[in-house]
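Join the two chains, each given in its own frame, into one complex according to the hints.
Sequence order for the protein chains is A and B. Counting from 1, position 111 in the first sequence corresponds to residue 134 in the numbering used here; the numbering is continuous, with no gaps. Counting from 1, position 140 in the second sequence corresponds to residue 124 in the numbering used here; the numbering is continuous, with no gaps.
To be clear, the hints were calculated from the coordinates, so they are not data collected in a lab. Ideal placement from N, C-alpha and C gives every residue a C-beta, glycine not left out. Please note that a few of the clues may not be correct.
To be verified - The calculated lysine to any residue pairs, modelled on SDA-like cross-linking and capped at a C-alpha distance of 20 Å, are:
| no. | chain 1 | residue 1 | chain 2 | residue 2 |
| --- | --- | --- | --- | --- |
| 1 | A | K243 | A | T166 |
| 2 | A | K305 | B | E130 |
| 3 | A | K343 | B | E150 |
| 4 | A | K312 | B | E219 |
| 5 | B | K65 | B | I199 |
| 6 | B | K201 | A | Q153 |
| 7 | A | K171 | B | I199 |
| 8 | A | K305 | A | Y164 |
| 9 | B | K216 | A | P317 |
| 10 | B | K2 | A | A163 |
| 11 | A | K58 | A | T193 |
| 12 | B | K8 | A | Y164 |
| 13 | B | K216 | A | K170 |
| 14 | B | K2 | B | M(-15) |
| 15 | A | K342 | B | E130 |
| 16 | A | K170 | B | K8 |
| 17 | B | K8 | A | T166 |
| 18 | B | K169 | A | A261 |
| 19 | B | K181 | B | F171 |
| 20 | A | K69 | A | K243 |
| 21 | A | K211 | B | K216 |
| 22 | A | K77 | A | G56 |
| 23 | A | K58 | A | G190 |
| 24 | A | K305 | B | A232 |
| 25 | A | K211 | B | G145 |
| 26 | B | K0 | A | I295 |
| 27 | A | K77 | A | T193 |
| 28 | A | K211 | B | E150 |
| 29 | B | K65 | B | E186 |
| 30 | B | K216 | A | T338 |
| 31 | A | K211 | B | G133 |
Stated by the list, open to error - Okay, the calculated bits of chain A under chain B, using three or more residues with CB under 8 Å as the criterion:
| no. | stretch |
| --- | --- |
| 32 | 230 to 244 |
| 33 | 318 to 327 |
As the list claims (entries may be wrong) - Now the in silico label distances, taken between C-beta atoms and shown as ranges:
| no. | chain 1 | residue 1 | chain 2 | residue 2 | range |
| --- | --- | --- | --- | --- | --- |
| 34 | A | D34 | B | A191 | 20 to 26 Å |
| 35 | B | G119 | A | G253 | 41 to 47 Å |
| 36 | B | K89 | A | E73 | 42 to 48 Å |
| 37 | B | G50 | A | A172 | 18 to 24 Å |
| 38 | B | R170 | A | G111 | 46 to 52 Å |
| 39 | A | D196 | B | E132 | 44 to 50 Å |
| 40 | A | D246 | B | M(-15) | 42 to 48 Å |
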Amino acid sequence: MNILVFAEVRDGKLKKSSLETLSEAVRLAKPLGSKVGVALVGEGIKAHAEILGKYGAAQVFAVDSPRLKYYASEAVARAVVAAHQKLGSGAILMAATALGRDLAGGVAALLGTGAAADCTGVTISGGKVQVRRPVYSGKAYATVVFKKAPAVLSLRPNVFPAQEIGGTATLEDLAVPFDDADFRSAVKEVTATAQGKVELTEASTIVSGGRGLQAPENFKLRDDLAAVLGAAVGASRAVVDNGWRPHSEQVGQTGKTVAPNLYVAIGISGAIQHLAGMRTSKVIVAVNKDPDAPIFKAATYGIVGDAMEIVPALTQTLKKVLAS
Amino acid sequence: MNLAVCLKRVPDTTTKVKIGSDGKSIDPQGVEWAISPYDELAIELALRLKEKAGGETVGITVDRDGNDVALRKALAIGLDKGILIKGGANFDGWATAQVLAAVLKGRPFDVLLFGKQAIDDDGFQVPTMVAQILGLPRVNVCTAFEIEGTKAKCRRQIEGGEEQIEVSLPCVISIQKGVNGIHDKRFPSMKGIMAAKSKPVETVAAAAVDSSMEIVKLELPPERPPGRIVGKGVEAVPELVRLLREEAKVL
Ligand SMILES: Cc1cc2nc3c(=O)[nH]c(=O)nc-3n(C[C@H](O)[C@H](O)[C@H](O)COP(=O)(O)OP(=O)(O)OC[C@H]3O[C@@H](n4cnc5c(N)ncnc54)[C@H](O)[C@@H]3O)c2cc1C
Ligand SMILES: Nc1ncnc2c1ncn2[C@@H]1O[C@H](COP(=O)(O)O)[C@@H](O)[C@H]1O
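Just chain B, same shape as in the assembly (with noise of 0.2 Å):
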């Protein structure tokens, strides 16, 4: 079994964002870099295929500025590839989809790891777009995931319910929290740390490719204006009522 992850650096979700100097992008200074929460998920998902089926594993990161960080992190949990591709926009998705299809295209994976989303941009597109241009079927938000031979039965998570797909293999898949019973993402062992400076990283030039769209401003949200405690304990009660119904007017 192939296995391919697309695994995106991505601040740390402690991270107090503060706006950079260009009003368009976060300052970098002082950010922790992590692997987006639900790339890890994949990463496990990915870790589990391979105990039971066999085969290998393979990490791939588009990276603007060729910082391989993350992908570092993934060898040391246990991935047992890497590919840095360098280049790239950050931020838009159709490019980044386009980037990471162009690499993976002829390359003979069976399944396509993705988190649901990227807890930067949280684009939503990026596993969608590749499997369009891959010709690939595509499950987003999956929920549960298990091989039968040449096809995978699907779950994924919508308002209130579950969908139940099929999908033949190679496929795409985007992972959402809970995958198969995966709440956690594993962390790297003492081992695994020292085995992933030996582990093999490919670094290829991001293709070039259109950029759709662009961001002009960067802002924090409206700051919320000052609240305040309207009581201790049980008497405070009917006044909070009050409050929501005649100066929110939320009742």
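Excised from the complex, chain A in its bound form (with noise of 0.2 Å):
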């Protein structure tokens, strides 16, 4: 069963979570004996067939138009599909970004079938594919079998290593033939809001504060910290709602749900909402001055305390040890 994946370019570069997604196919693809293909959708993209191949791609397909300098959902879709039917892939793979969620439920009904969310594990056995994918915004997790062909999935970031393996791909151009239709949900402009800052759902550290930090100017601390770590920073809602913190950084049930290495909660109570969007974890550390608070039921470490005296201790101590 052939296998397609889509590289999602932002800012000119392949995204991270696009290669973890790449690797993982060639991973199935290997036992299956069949071949991976991308199809890598923009303008001026080509030069990142190169590094497509060095991550295992057979093939890249490249739809390369000036139309498509900003992302237009239904016209990637349908390059997509294109590259599918090149491929006669039996399965079509993406990162589950902001994007490749919008992409996804695209390629799915063009093909006339669903798509698979978020999904952190993947098996084909028989031709038939496989998912396992949080459901109930992580309070539960689903085994799902696609009963139609090809199946439609997006990976969730973070959880399948990405790995160069050494090898180069061919590049084919593909025509579309797009027509107006499929640019009237283009987008026209793209504002940065945080520009360099780590991504919440893609960071390997996080450190989040919520409403133990007890004033907005607090958060400096908990941004100190992340820069020590080199983290992304997030929220509880309960801080979201005061107008304390955006809600771009919320994680939760209605936030974000993310799973990196090492979570550092500071002054977060544990709200099974909370909870929902971050217990699969490798690595929770909590700072709470309450002892009795849920979150340390979730919690591999945690300190009993006061976060505005042990966050910045944390935070030297992590700056010496880190710089030895």
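See below:
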């Protein structure tokens, strides 16, 4: 069963989560003796084919057009379907980014099937694609089988390792006959709100703050710790509702679902809705003055005490340790 | 302005999920049903659009069990009418989208509002699929939506930024929290609850559609290995750092 991967390019760079997805496709294809192709869609993107080859793509289908400078939901979906038809793929994979989630629905609809979002496990056997994915916002995991082909799925960032294996991909230009209807939802402009910051859903370390930080200005303590760790910053809903932090930082059932290697929760009580969004993190550290706070039940390591003292001390100690 | 809000009945966010005896679905015992939170924000946006431009708001739900609690709540909050589509499949975005599209087709809606995700299947797909079937433009994860004549200016949230999109009406949008400054749902008033009882609800059977996927197993997430309290106050910091380095090896 050939596998098609969609490669996302943002700000002239291939997304790490796309390389993770490609690596997983290569691992799946190997025992099946099948081929991995990549759909590379955008404007002036062809140079990325070389890296895709190094990560194990056999073939890259490039749809390169000035009309694709910015994301156009319908057009990109059509380009992916065109690549799928060329490759004859049984599964179409992409990373579960903002773009990937949008695209998965569009591609699946064009092919008359459903999409599985945020998969954390994929198996292919006997021609059937089966995935494991979080449902109820992480409160449960479903094993899902596709009843139609191809299977369309997005993989959760940060779960599958990206692995360079060396290789070269053949590059094929695909001409897709777009019409104006393919651009009716096209993006006109992109504004960056957080240039250079580590993105929450893709970060391997996250430092989050809650109401226990007591005032918006104290989030500097969180940010300083995050800076030392090279971490992304998150927040609880309570501080988002207070207007202390933007909703884009909210972790939880009605915020972002994250699964970093290290999640530090500062002054967060550990409500069921917050835990739903972060409980699959590999290591959880909690700092809370209440020894009975529910967050300690989920935490790998906890310190009981005042965040205002503990967090700066942690930042200082880490600074020394990480510098040595 | 004719506004449709597609809304789903889901377990309230405080629900502690228990697996049912079939091993494939949740145990519905004791579950409080609610409107999916993003759909509640879509309702609020629809009500605000109506307050500004006039028109009618219609709530639409596909419910396998024909349960109308979510739809009734939406009417109590303020939507004018309801359409209850009985049947369909749960946890199959393609099936749901086809069922919804079959009912929406040919009705003169200007804006079809959705939540960005239903918080049970977290599928992120029904709005896009409905738009694709109906041939309408779509903007997912909308953080701003302003109608200007026959067009709408939208903003969509992406990692570290926002995309600006302009679409013509009719269109499909899926709502992110904070859209047009909306962070909270509207609660039903006593008057609203009374009025809801006499609001019209059209009940239709779900179209027969093909299903695309099936849950074969539902499990609780793996238990976290028991953690420990490293200590109290700043004195515990060096030990925490040592553990992160030597035991957890995450630094
Ligand atoms: C529909 C719905 C959806 C929701 N979705 C989400 C979601 O996505 N994400 C989310 O986070 N929440 C969500 N919630 C809200 C959730 O129920 C909690 O209210 C919220 O997570 C609490 O945030 P918090 O932990 O910052 O605040 P609190 O619960 O007030 O906890 C503050 C904590 O800080 C500690 N503390 C206080 N002072 C100090 C100090 N000096 N040093 C150290 N610790 C201190 C306290 O002991 C306490 O444990 C949702 C709720 C609903 C109803
Ligand atoms: N059964 C349903 N009935 C009505 N609307 C639905 C249904 N399922 C999903 N939707 C709509 O589609 C959105 C996204 O759902 P999903 O793609 O399942 O995450 C929801 O927020 C609803 O607005």
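Here is what the structure says about each hint:
no.: 1; hint: A/K243 to A/T166; in the structure: 41 Å, violated
no.: 2; hint: A/K305 to B/E130; in the structure: 42 Å, violated
no.: 3; hint: A/K343 to B/E150; in the structure: 50 Å, violated
no.: 4; hint: A/K312 to B/E219; in the structure: 14 Å, holds
no.: 5; hint: B/K65 to B/I199; in the structure: 33 Å, violated
no.: 6; hint: B/K201 to A/Q153; in the structure: 11 Å, holds
no.: 7; hint: A/K171 to B/I199; in the structure: 14 Å, holds
no.: 8; hint: A/K305 to A/Y164; in the structure: 16 Å, holds
no.: 9; hint: B/K216 to A/P317; in the structure: 17 Å, holds
no.: 10; hint: B/K2 to A/A163; in the structure: 9 Å, holds
no.: 11; hint: A/K58 to A/T193; in the structure: 12 Å, holds
no.: 12; hint: B/K8 to A/Y164; in the structure: 10 Å, holds
no.: 13; hint: B/K216 to A/K170; in the structure: 54 Å, violated
no.: 14; hint: B/K2 to B/M(-15); in the structure: 42 Å, violated
no.: 15; hint: A/K342 to B/E130; in the structure: 47 Å, violated
no.: 16; hint: A/K170 to B/K8; in the structure: 16 Å, holds
no.: 17; hint: B/K8 to A/T166; in the structure: 9 Å, holds
no.: 18; hint: B/K169 to A/A261; in the structure: 16 Å, holds
no.: 19; hint: B/K181 to B/F171; in the structure: 16 Å, holds
no.: 20; hint: A/K69 to A/K243; in the structure: 41 Å, violated
no.: 21; hint: A/K211 to B/K216; in the structure: 53 Å, violated
no.: 22; hint: A/K77 to A/G56; in the structure: 18 Å, holds
no.: 23; hint: A/K58 to A/G190; in the structure: 13 Å, holds
no.: 24; hint: A/K305 to B/A232; in the structure: 9 Å, holds
no.: 25; hint: A/K211 to B/G145; in the structure: 14 Å, holds
no.: 26; hint: B/K0 to A/I295; in the structure: 8 Å, holds
no.: 27; hint: A/K77 to A/T193; in the structure: 12 Å, holds
no.: 28; hint: A/K211 to B/E150; in the structure: 7 Å, holds
no.: 29; hint: B/K65 to B/E186; in the structure: 8 Å, holds
no.: 30; hint: B/K216 to A/T338; in the structure: 17 Å, holds
no.: 31; hint: A/K211 to B/G133; in the structure: 18 Å, holds
no.: 32; hint: 230 to 244; in the structure: violated (count 0)
no.: 33; hint: 318 to 327; in the structure: holds (count 9)
no.: 34; hint: A/D34 to B/A191: 20 to 26 Å; in the structure: 43 Å, violated
no.: 35; hint: B/G119 to A/G253: 41 to 47 Å; in the structure: 46 Å, holds
no.: 36; hint: B/K89 to A/E73: 42 to 48 Å; in the structure: 46 Å, holds
no.: 37; hint: B/G50 to A/A172: 18 to 24 Å; in the structure: 32 Å, violated
no.: 38; hint: B/R170 to A/G111: 46 to 52 Å; in the structure: 50 Å, holds
no.: 39; hint: A/D196 to B/E132: 44 to 50 Å; in the structure: 39 Å, violated
no.: 40; hint: A/D246 to B/M(-15): 42 to 48 Å; in the structure: 43 Å, holds
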